[in-house]
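**Student:** Assemble chain B onto chain A, guided by the hints.
Protein chains: 2
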Amino acid sequence: MEKVNLAEKLASFSTHWDPKIVAELNGQHVKLVKFQREFVWHHHENEDEMFLVVEGKFVMEFRDRSVPLGEGEFIVVPRGVEHRPVADDEVSVLLFEPASTLNTGNAGGERTVAEPERI
Amino acid sequence: MEKVNLAEKLASFSTHWDPKIVAELNGQHVKLVKFQREFVWHHHENEDEMFLVVEGKFVMEFRDRSVPLGEGEFIVVPRGVEHRPVADDEVSVLLFEPASTLNTGNAGGERTVAEPERI
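So the protein sequences, as listed, match chains A and B.
Residues in the first sequence are numbered consecutively from 1, following my numbering.
Residues in the second sequence are numbered consecutively from 1, following my numbering.
Bound conformation, chain A alone:
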């Protein structure tokens, strides 16, 4: 039951597309992730995902539109909806999602992080 400082946690890693678990509650994970450029198109069969920008900005692309997100803004991507995060510059994002969530969802592949590190 210690507090978590987001800036300190973010300073402790530099890898991209490599989500880190910083807390767990009610079967959900709170994760931090840094990324730049585009991810793979994917959806999650059974999980809604929340993306909250901590530092920087990015665009959440959907098949029919794009939503730009800046610091202090979040979006919830419902299960089943294809999406792809894209960032021109490095961005730091807080994720809320079920503990069962895989970063690449249905797409799988080499960018899958099967067991995110706890930091």
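In short, the hints are calculated from the structure, not lab data.
These numbers were taken from a predicted model, which means no experiment stands behind them.
Please note that the accuracy of each hint is not assured.
Cross-link-like lysine-lysine pairs, in silico, DSSO-like; alpha carbons within 27 Å at most [to be verified]:
#1 A:3 <-> B:57
#2 A:9 <-> A:57
#3 B:3 <-> B:57
#4 A:57 <-> B:9
#5 A:3 <-> B:9
#6 A:9 <-> B:3
#7 B:3 <-> A:57
#8 A:3 <-> A:57
#9 A:9 <-> B:57
#10 B:57 <-> A:57
Non-contacting residues of chain B with respect to chain A, defined by C-beta distances greater than 10 Å in every case (computed) [unchecked claim]:
#11 12
#12 36
#13 61
#14 76
#15 89
#16 107
#17 109
#18 111
Just so you have them, the derived chain B footprint on chain A, three or more residues with Cβ under 8 Å [to be verified]:
#19 11 to 21
#20 25 to 34
#21 106 to 117
Glycine is no exception: its CB is placed at the ideal position from the N, C-alpha and C atoms.
**Tutor:** Coordinates of chain B only, in the frame set by chain A:
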């Protein structure tokens, strides 16, 4: 599937101890709340609660210790653990908790918000 801007949502209300629902996912609510001074001692039987400071600072009191929290810091209070948030000055906090969570937990009483507003 619209984005949510925390500052805009916070600017839309001024009441204290009156949580507002800003998103729902996976049976969880994302809420924003403003408060000052101390709340009632309480615990939640079946819900873990996450408190993330968006603006300002507060102290999460437990029966045996206190944890000061500033902007960009969060704490998870596990189910069953008695707690009481206290703030000298107004603070704005993001809550992440099951949709079933009542603000006063087991304590009940006049400060209970049975049906938080969605904003």
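**Student:** Are the hints correct? Go through all of them and say.
**Tutor:** Hint-by-hint comparison with the structure:
no., hint, verdict
1, A:3 <-> B:57, "holds (13 Å)"
2, A:9 <-> A:57, "holds (18 Å)"
3, B:3 <-> B:57, "holds (25 Å)"
4, A:57 <-> B:9, "holds (19 Å)"
5, A:3 <-> B:9, "holds (25 Å)"
6, A:9 <-> B:3, "holds (25 Å)"
7, B:3 <-> A:57, "holds (13 Å)"
8, A:3 <-> A:57, "holds (25 Å)"
9, A:9 <-> B:57, "holds (19 Å)"
10, B:57 <-> A:57, "holds (25 Å)"
11, 12, "holds (14 Å)"
12, 36, "holds (20 Å)"
13, 61, "holds (12 Å)"
14, 76, "violated (5 Å)"
15, 89, "holds (19 Å)"
16, 107, "holds (20 Å)"
17, 109, "holds (24 Å)"
18, 111, "holds (23 Å)"
19, 11 to 21, "violated (count 0)"
20, 25 to 34, "holds (count 4)"
21, 106 to 117, "violated (count 0)"
In this structure, the hints that do not hold are numbers 14, 19 and 21, in rising order.
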